[in-house]
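Protein chains: 2
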Amino acid sequence: MDSLKQRILTEGRVLPGNIIKVDGFMNHRIDTRLMREIAREFRRLFPDPDITAILTAEASGIALAAITADEFDVPMIFAKKAKSDNIEGGLYQSDIYSYTYKKKVTLLVSSQWLTSQDKVLVVDDFLANGEALKGLVDIVHQAGAKLAGIGIAIEKGFQGGGDRLREAGYPLKSLVIIEQADGQGIRFRNQQTL
Amino acid sequence: MDSLKQRILTEGRVLPGNIIKVDGFMNHRIDTRLMREIAREFRRLFPDPDITAILTAEASGIALAAITADEFDVPMIFAKKAKSDNIEGGLYQSDIYSYTYKKKVTLLVSSQWLTSQDKVLVVDDFLANGEALKGLVDIVHQAGAKLAGIGIAIEKGFQGGGDRLREAGYPLKSLVIIEQADGQGIRFRNQQTL
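Keeping their order, the protein sequence lines are chains A and B. In terms of our numbering, the first sequence is residues 293 to 486. In terms of our numbering, the second sequence is residues 293 to 486.
Hints are not guaranteed to be accurate.
The list cannot tell twin chains apart, which means a pair is met if one copy fits it or any two copies do.
What the hints assert, rightly or not - Straight-line distance between alpha carbons at most 25 Å, and here's what the computed SDA-like set of lysine to any residue pairs gives:
1) Lys373 - Val397
2) Lys395 - Leu439
3) Lys395 - Ala374
4) Lys373 - Tyr389
5) Lys313 - Ala435
6) Lys373 - Gly316
7) Lys313 - Leu383
8) Lys395 - Arg336
Because the hints were derived from the structure by calculation, they are not lab data.
Make a model of the complete structure from these sequences and hints.
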C-alpha cells in the first residue's frame, strides 16, 4: 500500500530498540482518511461477504478497527486488557506477553458478543512479535467462531511474528512489511502478490 | 436521541453501584451504525466548520471518537493513560481519578499533535463524575487550543459531573442523560432544547 509506505517514510521515526513511531497518523493522533484507505484495502483483500465482526485489542487498534467495521458494515469488538470492574463473568480470555509493557497481559472478550455463529476478521495497527494476535486468534477459537483472516496495517517483519503466523497457516495479510528500521533508515519487504 | 434511548432501554443492564452496562453496542462490542448516528448528531449539535480535531481518552471512547472524526473529516487524538515506552517527552498531562479503576490515572497527549492552532471537539461515550472530561479540557487549555465543545453519548446525570461542567460554563451536550438507574429501571432527563 504505497500511500501508507509514503506516510511511514515521511512522518515515521525510528527510535532505539527498533521502535517505529507513527503516532502522528496511526496510534495517538489518527488520520481518519488514511484509516478509511486502509479499511478499503482490507475489504479488497478479504472480500468474504460472511464476515460478521471485526475483532481487535485495546487500545491502539480500536480506531482502525472501528473504521474497518464501518467499512464492512459489521460490529467491532475489542478485547479488553486485564480486568476492570465493568466486566463480569462469562469471558473468553487469553494470556499474552506485552513487549510494550514488559509484562503478562490478559485479553478478555465477553462470551455474549462472540459465538460459534461468527466469522471474524482480526484487525490490528501493528504486528511485531505476534503476541496480541495469538491471543485474539485464541479467543476466536474459544468462541468456536470462524477466522476469516487477519489484516494488519504495519508489520515489523524483522521481528518474525508475522512469518511465524503465516507458516502456521493463518490467513494473514499485512499492508506494509518493514524489513529494516534503524539508523540506516526504513526498508520495506517487496510484496508483489498482495 | 431516541434511537440511543431505545437501545439503552432494550439492551442496557443496571448493575449494583449504578453501573449501566451497554457493552453490547457501545464499549466492548461496538455497533458502528449507531456510532455513525451519534457522530451525525454531534455534527448537527456542533456545526462549527473550524473544528480541527476530535479528542477523547483511551480506551472506550476511541471507537466513537474515530467515527466522529471520520464524520467531521478531521483527525482524532486520544489521550493515553499512564506512561508506556512508546511515549517520549513533550507531553501535556493531567491527573484524574478513575472511578472505574479506583486510582489516580494520568492522561497524556503529545504536544506535537495539539497546538494553539487547534479547535477541539472533545468526545466521549460516557460522562459520570466528569473526571476524564476535566482532564481532557485541561489538556486543551495546556495546548492553548480552543474548545469547540464537549459531545457525550450517555451522561449519568445522577452523578452530577455533567451539571457541574455546565454550571462552569462548558459547552457540553449529552445526547442522552440518565437520571435514574436502579432496580426501578432507567429514567431519562427530558431535554427539549438539545
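Tested hints:
1. Lys373 - Val397: both (6 Å within a copy, 16 Å between copies)
2. Lys395 - Leu439: Close neither inside one copy (27 Å) nor across copies (37 Å); limit 25 Å.
3. Lys395 - Ala374: both (11 Å within a copy, 15 Å between copies)
4. Lys373 - Tyr389: both (11 Å within a copy, 19 Å between copies)
5. Lys313 - Ala435: So lysine 313 and alanine 435 pass the 25 Å test across copies only (21 Å; inside, 34 Å).
6. Lys373 - Gly316: both (24 Å within a copy, 17 Å between copies)
7. Lys313 - Leu383: between (33 Å within a copy, 15 Å between copies)
8. Lys395 - Arg336: For lysine 395 and arginine 336, neither the intra-copy (36 Å) nor the inter-copy (44 Å) Cα distance is at most 25 Å.
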